[in-house]
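Q: Chains as they are written, first to last, in the working numbering: chain C, 1 to 737; chain R, 1 to 181.
By construction, these hints were calculated from the structure, which means they are not laboratory data. Any given hint might turn out to be false.
Per label pair, the in silico range of CB-to-CB distance [to be verified]:
| hint | chain 1 | residue 1 | chain 2 | residue 2 | range |
| --- | --- | --- | --- | --- | --- |
| 1 | C | E486 | R | V161 | 23 to 31 angstroms |
| 2 | C | H450 | R | V161 | 24 to 32 angstroms |
| 3 | C | H450 | R | A143 | 44 to 52 angstroms |
| 4 | R | S154 | C | E553 | 25 to 33 angstroms |
| 5 | R | A143 | C | D430 | 54 to 62 angstroms |
| 6 | R | S154 | C | P410 | 38 to 46 angstroms |
| 7 | R | V161 | C | E147 | 45 to 53 angstroms |
No experiment lies behind these values; they were computed from the predicted model shown. Each residue gets a CB set at the ideal place from its N, CA and C atoms; glycine is no exception.
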Amino acid sequence: MNLIDGPPAGPAGRTVDVLDISDLRFPGGTSHSIAEEIRAQADAGWTTGLVHLNGPLVARVRAVNPSIRALVNDRRAQLIVGREPVAAGVVVVRHPAVLQTAAEQLPPIATDHLVIVANAAPHDIDGHQHYRPESVHAAARDRFGVEPIWAPIGPLVRATIAHRVPPGCLRSEDWVNIIDVDAWSHPRTEWRADRPVIGRHSRDSPQKWPRDPAVLRAVYPDDGSILVRVLGGASAVEGVLGRIPPGWHVQPFGGQAPRDFLADLDFFVYFHDPRWVEAFGRTILEAMASGVPAILPPHFEPTFKDAATYAEPADVAALVHRLRGDRAAYEALVARAREQARHRFSHDTHRRRIAELIAPPGEVRPAISGGPAAPVLIDTSRPAVLFVSSNGAGMGHLTRLLAYARRTAPDLAPHFLSLSQAVGVVAAYDFPFEYAPSSGATGMAPRRWHDLFTARLDDAVRRIRPAVVVFDGTWPYEGILRVRTEHPQIRWVWSRRGMWRAGKNIEQLAKAAWFDTVLEPGDFAAPFDRGVTVASRAIRVGPVTLLDRTELEDRAQARQRLGLPVGPPMALVTLGAGNINDTSRDVGASVTALRSLGVEVCLTRPEITEAGSALPGVHAIADFPLSRRLHAFDLAISAAGYNSFHELLRFGVPSLLVPNTATAIDDQEGRARFAAQHGLAHWLGRVTVKAVTPLLEDLLERGPAMVARAAALDPGNGADEAADTLRQLVEEQGRDR
Amino acid sequence: MTDPLRRAARTARRIPGYRYLRRVVVPRLRRSPAARALAYRIFAVESGRRTSAGGWSDVTAGNLLGGIGLERLPVVLLVLIGTPTDRIAQIVEEVATMQVLGAGFRPIFVIDSPTFAPIRRFGYLAELITPRDSWTAAEPWLAYAGRRLGSMVSLYGVRAVLTVGPDGLDDGDRATLAAYG
């Protein structure tokens with residue numbers, strides 16, 4: 001493939017020429033190779049992005065390799081974090097095992113070219129398979145949408161993967177490591193000692209050393225005839241010889257800069273466990289660039305050709321002594337190694353292979369995004385009510401409390417304390433608010449999180465001095481009881497809806513004893529309620545919605561405000577917030593079916609959804625409260641959570657309900673079944689194009705009749721009754737105090 | 001004299017199934033909070049949760065870092081009071097980048113506007129403080145803010161507090177973050 005392209009169009013700050021993907025924490029050659037390629041790309045004028053994946057080969061939390069980190073700090077590469085889309089001219093994945101196990105950490109990436117650098121053989125020394133080329137290939141194709149090209153790092157790896165990748169997907173040339181020869185080169189005008197000095201550097205791993213004691217002693221003598229220097233540790237030698245020979249000079253990994261270490265050697269001698277497939281041997285290349293002749297086992301010859309000298313273990317010492325006695329031959333070897341390094345392993349080598357894929361670079365700009373408005377002033381002249389909401393899957397708890405709060409005005413002064421990060425929506429109603437992170441948001445163990453919640457609630461109560469505290473949630477936190485004990489004069493209200501799953505949450509119901517009043521917002525589907533709340537004592541009010549029907553905008557106005565075209569039929573698809581379960585398949589099927597019927601689609605982006613993305617060709621809206629603009633839609637496909645269900649039915653939107661069955665307590669299926677049985681809506685357990693299409697056709701035709709039936713059932717908005725209840729409690733509290 | 005621990009490790013490596021255990025079972029145990037909690041109890045190992053302030057520091061490190069030892073990273077409180085909301089995303093992204101590069105700290109962001117999205121993007125903990133110009137309670141705002149920050153320092157075992165100016169991180173802030181990793 002020789003197409004010359006620029007990077008696909010992408011968001012500002014996340015569009016680069018070359019995107020390197022790897023576990024950037026690797027301590028050795030992989031990271032150094034990435035760093036070297038970044039330098040080559042930057043010198044050529046290409047922008048480089050880096051995406052780090054926490055792969056399986058690094059167990060402990062660890063910093064990015066210093067060589068890469070320095071390049072990011074020098075702005076020669078950009079570390080790209082977050083799940084927003086990235087666009088790149090070419091993507092280079094280094095280490096297939098990382099992609100195999102950590103691909104789910106990737107953001108969406110648009111690219112025309114994908115190179116998988118196989119810098120290690122699939123199997124380890126003991127037969128353990130670190131990656132399956134077949135799986136990696138399939139995963140890469142799915143993830144990036146292009147056919148990956150495999151680029152083995154050398155002939156040995158090529159031999160292990162050639163038969164396992166699809167025909168035509170193997171790069172004809174190896175993706176060899178590169179090096180800046182001038183940066184490593186060190187002049188050698190004299191011998192380092194009165195005897196030959198040989199050395200090696202590598203990770204301190206058994207597979208990096210000969211496993212046979214005789215071979216080890218032959219290659220790295222322990223008799224003092226040759227001085228042996230090791231960088232990277234030699235505990236593996238202990239395992240073979242029982243000790244580290246006393247004459248050896250051993251430094252740990254990182255004990256000295258490799259360049260300085262190599263400068264003190266006469267010969268670089270590198271032999272390893274014969275069972276180990278050394279993919280390339282970056283340290284060998286570094287030695288060659290430094291000007292140290294490399295003496296290697298013959299199997300390295302296809303990789304380094306005449307840039308190195310090859311010998312069997314038994315011949316190494318003799319070869320070292322012979323070259324030590326022939327300075328001219330030694331220097332010829334040094335010159336040949338450097339020349340080969342420049343010719344075959346230089347930055348130019350890398351620039352050529354990148355230039356086969358992409359055109360000269362563009363510029364990258366940083367991205368800046370905004371945020372919602374600040375909270376507003378508190379009114380302290382009226383009795384205060386503190387509304388406390390838990391953080392459910394959606395915004396139901398917060399919205400319900402908001403419905404009560406706005407109806408208590410102007411008599412009372414609502415104040416909000418929420419565990420939901422959507423709490424900022426309260427600002428639109430001029431109510432002050434506070435946020436306390438939930439257990440999930442902190443990462444803290446629940447037992448300790450309760451202390452946090454208790455402290456926050458107690459602090460808020462002491463400052464606001466509410467007459468009434470209203471908690472909306474299905475799991476009252478123990479902090480409520482603890483704070484209540486400290487503030488017995490306050491009236492405590494538990495607002496909890498019905499429709500709990502049958503037999504679920506029984507132990508929570510006993511917590512009604514913590515409260516002075518239990519307030520139950522009604523449910524159209526109450527006849528289908530099989531949960532434990534049915535028989536419990538509560539003040540029951542009508543179904544609660546934030547708005548009344550009279551507050552909705554008309555169709556034209558709503559569409560204009562939402563930026564939607566006025567003419568075509570439009571469906572709202574709102575299948576719940578994205579942080580309970582993945583509804584993307586339902587969404588995809590819904591969109592396909594709606595389009596086939598000539599209906600345009602509007603997807604919601606709930607404020608608390610963690611990761612949502614609009615599908616191409618559909619409208620995406622983020623609005624609160626969306627119910628104000630429901631008349632913009634001719635029909636809806638929606639989950640059957642309390643708020644959505646009652647808003648759609650109350651405000652007359654013909655609906656297909658898709659209950660979210662992953663909720664802990666809420667019996668959405670019961671709600672959906674009720675609506676379907678009474679001709680108020682349709683329902684489906686799971687959306688497929690085949691199943692949903694006839695139901696949508698029916699909604700388009702008979703929707704108005706269904707809406708009329710729902711209207712006949714509606715006893716009115718229970719939020720007004722709830723607000724009355726709160727006013728009464730405030731009055732009682734005032735009398736008692 | 002060879003270190004007895006090293007001798008034991010060599011012996012262990014020769015046991016059949018050692019490599020399988022090391023590659024498959026050990027990582028699973030390490031990733032299991034329950035197994036680690038059990039180990040802490042059995043061996044009375046300092047878990048890193050208890051802080052000198054008497055609080056706990058098992059707060060999230062966000063979703064960018066991986067590996068064993070996250071709970072031992074120092075917690076850094078970044079106070080973004082008064083920071084323009086359109087700056088927050090940029091600041092958080094810079095902190096996130098530094099966190100990945102150095103793997104040396106866990107950030108907590110203190111904001112005074114509900115700009116949670118750019119913080120939630122990386123799974124970081126956010127704390128919201130009522131801004132001074134919205135504060136009408138009898139208690140002085142400084143007393144309230146100080147008490148809240150003090151509570152966070154204690155509860156989360158905060159090692160360093162950085163007050164980020166309206167222009168974002170300055171070199172002092174960057175140097176402080178870099179000092180941890």
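Q: A separate judgement is required for each hint: does it hold in the structure or not?
A: Hint by hint, here is what the structure shows:
no.	hint	in the structure
1	C:E486 - R:V161: 23 to 31 angstroms	29 angstroms, holds
2	C:H450 - R:V161: 24 to 32 angstroms	25 angstroms, holds
3	C:H450 - R:A143: 44 to 52 angstroms	26 angstroms, violated
4	R:S154 - C:E553: 25 to 33 angstroms	49 angstroms, violated
5	R:A143 - C:D430: 54 to 62 angstroms	25 angstroms, violated
6	R:S154 - C:P410: 38 to 46 angstroms	39 angstroms, holds
7	R:V161 - C:E147: 45 to 53 angstroms	51 angstroms, holds
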